[in-house]
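**Student:** Below are the chains, spelled out letter by letter.
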Amino acid sequence: MMNTFQFDTALLLVALPEIFLLSSIVVILLVDLFLTKGFKQVTYYLTQFSLFITGLLAFNLIGHPETVIFSNSFVLDNMASVFKVFMMGATMVAMVYSRHYLTQHSLFRGEYFVLVLLSVLGMMVMVSGYSLLTLYLGLEILSLSLYTLIAIARERSGAIEAALKYFVLGAIASGLLLYGMSMIYGISGSLNISEISAFASDANLGSRETLIINFGLVFLVIGIAFKLGAVPFHMWVPDVYQGSPTSVTMFLSTVPKIAAVAMLVRILIDGLGAMHPYWSDLFMVLALLSIALGSVVALMQTNIKRMLAYSTISHVGFIMLGFVTGVVTGYGAATFYVLVYVFMSLAAFGIIILLNKKGFEADQISDYKGLSKHSPWFALMMLIVILSMAGVPPMLGFYSKFFILQQLVSAGFVTIAIIAVVFAVISAYYYLQIIKSMYFEDSEKEIVVSAPMDMKLILSINAILILVIGLFPDFWMKLALSLF
Amino acid sequence: MTFDQILFYVFSFWFIASSLAMIFSRNAAKAVLFLILSFFSAASIWILLEAEFLAITLILVYVGAVMVLFLFVIKMLNIDKSTLRAKFAGYLPLGLIVAAIIIAEMTLVLGGNQFGLDVVAAPARHAADYSNITVLAMQLYTTYVYPFELAAVLLLIAIIAAITLVHRNELNRKKQSISEQVNVQAKDRVRLVSINSPNKENK
Amino acid sequence: MLENYLPIMVFIFLGIAFGVGPMLIGYLLGPSKPDEEKNSQFECGFPAFDDSRMYFNIRYYLVAILFILFDLEVAFVFPWAVVQSDLGWFGFIAMSVFLFLLVVGFVFEWKKGALEWE
Chain A
2 MMNTFQFDTA LLLVALPEIF LLSSIVVILL VDLFLTKGFK QVTYYLTQFS LFITGLLAFN
62 LIGHPETVIF SNSFVLDNMA SVFKVFMMGA TMVAMVYSRH YLTQHSLFRG EYFVLVLLSV
122 LGMMVMVSGY SLLTLYLGLE ILSLSLYTLI AIARERSGAI EAALKYFVLG AIASGLLLYG
182 MSMIYGISGS LNISEISAFA SDANLGSRET LIINFGLVFL VIGIAFKLGA VPFHMWVPDV
242 YQGSPTSVTM FLSTVPKIAA VAMLVRILID GLGAMHPYWS DLFMVLALLS IALGSVVALM
302 QTNIKRMLAY STISHVGFIM LGFVTGVVTG YGAATFYVLV YVFMSLAAFG IIILLNKKGF
362 EADQISDYKG LSKHSPWFAL MMLIVILSMA GVPPMLGFYS KFFILQQLVS AGFVTIAIIA
422 VVFAVISAYY YLQIIKSMYF EDSEKEIVVS APMDMKLILS INAILILVIG LFPDFWMKLA
482 LSLF
Chain B
71 MTFDQILFYV FSFWFIASSL AMIFSRNAAK AVLFLILSFF SAASIWILLE AEFLAITLIL
131 VYVGAVMVLF LFVIKMLNID KSTLRAKFAG YLPLGLIVAA IIIAEMTLVL GGNQFGLDVV
191 AAPARHAADY SNITVLAMQL YTTYVYPFEL AAVLLLIAII AAITLVHRNE LNRKKQSISE
251 QVNVQAKDRV RLVSINSPNK ENK
Chain C
7 MLENYLPIMV FIFLGIAFGV GPMLIGYLLG PSKPDEEKNS QFECGFPAFD DSRMYFNIRY
67 YLVAILFILF DLEVAFVFPW AVVQSDLGWF GFIAMSVFLF LLVVGFVFEW KKGALEWE
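Just so you know, the protein sequences line up as chains A, B and C, in that order. Just so we're aligned: the first sequence equals residues 2 to 485 in our numbering. Just so we're aligned: the second sequence equals residues 71 to 273 in our numbering. Just so we're aligned: the third sequence equals residues 7 to 124 in our numbering.
Mixed in with the good hints, there may be bad ones.
[Said to hold, decoys possible] Ranges between beta-carbon positions, derived for each pair: (1) B:Val236 / A:Pro395: 21 to 29 Å; (2) A:Ala11 / B:Ile76: 54 to 62 Å; (3) C:Ala87 / B:Asp74: 37 to 45 Å; (4) C:Ala87 / B:Ile76: 29 to 37 Å; (5) A:Gly207 / C:Asn63: 54 to 62 Å; (6) C:Asp77 / B:Gln246: 53 to 61 Å; (7) A:Tyr430 / B:Lys100: 50 to 58 Å.
No lab work stands behind these hints: they were computed from the structure. For each residue, glycine too, the CB sits at the ideal point set by N, CA and C.
Start from the sequences, fold in the hints, and give me the full structure.
**Tutor:** In structure tokens form, the structure reads like this:
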């Protein structure tokens with residue numbers, strides 16, 4: 002058999018961030034093995050360094066003309082590069098916060114950082130995935146690392162329970178996704194996103210083809226909704242958020258959401274954009290249910306991690322509404338929302354971690370009583386984050402909601418926009434509860450902030466940026482729009 | 071009916087029968103053995119479809135390795151059968167309804183109307199010298215080289231995850247030190263001690 | 007292509023016949039007079055001490071799962087071995103990267119002491 006396969010090595014430069022990250026994962030894994038006890042911090046610094054270089058390499062590729070390599074299974078476009086840069090930045094911030102948590106709770110292990118880097122690699126594969134196969138493999142690389150990260154605190158029964166729930170439900174979701182992919186592959190005859198798109202947008206598509214695509218589409222939507230945590234596929238979210246070590250909760254509630262949105266865009270818009278009328282109805286129902294349930298159930302929570310989980314569910318609802326509009330500006334608004342959400346969620350979990358001490362998780366809302374007296378600066382930071390999450394102007398969170406609603410109204414979904422606003426107002430109540438306990442209640446317990454200087458600094462910048470970028474949101478909105 | 075078809079029905083029958091037996095088996099170990107039989111029947115059907123590499127991999131990896139792991143897990147867990155069964159009855163009606171809906175939808179979408187022989191022609195049989203492994207390999211290491219390397223990353227994660235979660239750093243590890251074994255000398259092995267026996271005088 | 011598998015099928019049926027046949031003959035022709043004493047369990051002449059299900063240590067699980075992972079790796083090497091002369095250097099490098107990643111995993115496993123018994 003003759004080998005007619007051609008491979009252009011120069012095109013590998015397009016995948017340089019991924020190649021660099023994988024190489025540094027190997028190096029970090031091996032270096033960590035041979036480090037003696039006193040030098041474990043080296044792993045942390047190497048991790049930050051490799052994330053930074055990967056981010057630089059990805060930044061360097063912004064503006065690169067759209068290139069597809071590896072026989073149509075890897076795409077580099079602006080969306081991929083910008084998402085990668087954001088993911089690297091968010092992971093770096095998350096690692097700064099994580100270090101404090103890990104040292105406080107004696108979970109500092111080299112494997113933790115290696116697994117985080119591996120999950121980041123999986124997310125990069127997803128963001129650049131241009132065939133159903135690579136998208137799925139990226140998702141599995143991400144998920145397997147996350148399951149392990151949660152269970153890394155194996156002395157805690159809550160963490161094991163969370164890992165198991167996440168694993169079982171995640172495996173079912175992956176199975177559903179794979180089933181939907183097999184339907185799409187079976188009828189279109191291709192795994193490649195552009196070929197699927199060409200097949201689906203063919204004007205002469207028969208009723209048989211449409212039926213089978215729709216059948217697969219339902220499974221794809223369910224799989225994606227599972228991964229995003231939209232109602233009614235949200236059951237894992239509160240338990241996993243509560244049970245996981247807070248540093249892992251922070252990581253899995255932020256960066257993977259970017260990757261999930263990227264996968265959504267690749268499959269449902271780049272691939273099956275022609276089927277938008279079919280999947281947008283499903284999305285509408287899922288989004289409204291998510292916003293409603295997330296806003297109402299969060300009212301009853303006393304655990305702040307659980308409350309943030311329900312808050313995530315309602316944020317996910319807003320993100321999905323952006324995709325319901327079916328116009329490019331709506332997709333841009335949804336992308337903007339997810340980036341803003343990552344920003345806010347990092348800061349919120351950062352403050353929880355800031356207050357962590359050995360044997361004290363700071364995960365009850367009552368733990369925040371009197372924070373304004375003991376640490377007025379970080380109470381102010383928390384105030385900014387909470388107001389932004391509630392969508393109070395001029396914080397960043399207000400603009401993300403505003404853009405989504407604006408796009409909804411201009412696309413003619415006025416009723417849906419009104420319902421979303423009503424629930425956003427309801428959700429403001431539980432956000433205000435935290436502010437109330439921080440500023441208007443007092444506790445006899447002394448709250449000592451023992452976090453290192455770098456964490457305090459990054460956290461303050463993170464929170465202040467929510468306010469500052471909120472004053473000038475146009476640049477970021479334009480950036481998000483330019484990705485489509 | 072051709073010989074192929076007879077084989078297909080025989081293997082399908084065993085596939086379905088052993089799958090059902092696996093689900094309804096009360097003994098977890100027996101369920102695993104039935105699962106092996108159903109994998110084996112599935113592999114036979116794959117051979118009928120001329121996917122020989124997949125069939126052999128199914129037997130090698132699933133029957134040879136994954137099922138061994140399943141048996142290990144069954145031996146590790148303390149499964150209380152009565153609680154399992156008590157919950158089963160409660161979920162049964164809902165489960166049956168969902169299963170019925172899915173079966174109805176699948177027959178509607180994947181049935182003979184959509185994928186019957188009159189809609190999609192059966193692929194031609196290959197000649198005797200056709201090698202499925204060669205064709206698959208020529209694709210796997212060229213066109214699909216990127217997913218192939220990603221598979222290596224997945225396996226690496228699995229190794230790290232298994233060790234991180236299961237391995238304990240215990241001190242009483244029976245470790246072999248080869249250099250010590252090689253360098254050992256007779257005088258280190260046997261120590262001759264002269265003992266003053268108290269009974270000596272009585273002799 | 008399927009005709010190549012005919013000997014294997016004949017072999018399987020013969021194997022089943024040889025395995026099941028004697029048991030069947032023994033069951034049909036042998037005398038069977040069970041009573042309560044004969045059917046009761048015993049261990050070395052004593053009544054059974056406890057359940058025959060003995061629980062394995064979790065360490066066996068680690069051995070089993072590492073075995074599966076390297077078993078899967080070998081499943082990827084087989085087809086490569088069939089066509090490696092056709093693939094040339096590209097295939098060689100592709101497989102080298104694949105094996106390198108798994109060797110890194112192996113080094114991790116070794117150095118962590120997962121291959122040692124406690």
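**Student:** With respect to the beta-carbon atoms only, verify the hint that Tyr430 (chain A) and Lys100 (chain B) lie 50 to 58 Å apart.
**Tutor:** holds (55 Å)
**Student:** That 54 to 62 Å hint for Ala11 (chain A) and Ile76 (chain B) (C-beta), does it hold up?
**Tutor:** holds (55 Å)
**Student:** Given the hint of 29 to 37 Å, check if Ala87 (chain C) and Ile76 (chain B) actually sit that far apart at their C-beta atoms.
**Tutor:** holds (35 Å)
**Student:** Taking the Cβ atom of Gly207 (chain A) and the Cβ atom of Asn63 (chain C), is their distance within the range 54 to 62 Å?
**Tutor:** Because 59 Å falls inside the window, the suggested range holds.
**Student:** Is the distance from the Cβ of Asp77 (chain C) to the Cβ of Gln246 (chain B) consistent with 53 to 61 Å?
**Tutor:** Violated - the Cβ-Cβ distance for Asp77 (chain C) and Gln246 (chain B), about 25 Å, lies outside 53 to 61 Å.
**Student:** Determine whether the Cβ-Cβ distance between Val236 (chain B) and Pro395 (chain A) falls within the hinted range of 21 to 29 Å.
**Tutor:** Given a distance of about 51 Å, which is not inside 21 to 29 Å, the answer is violated.
**Student:** Per the hint of 37 to 45 Å, is the separation of the Cβ atoms of Ala87 (chain C) and Asp74 (chain B) within bounds?
**Tutor:** For Asp74 (chain B) against Ala87 (chain C), whose Cβ atoms are near 30 Å apart, the range 37 to 45 Å is violated.
Consistency note: the structure conflicts with the earlier hints numbered 1, 3, 6.
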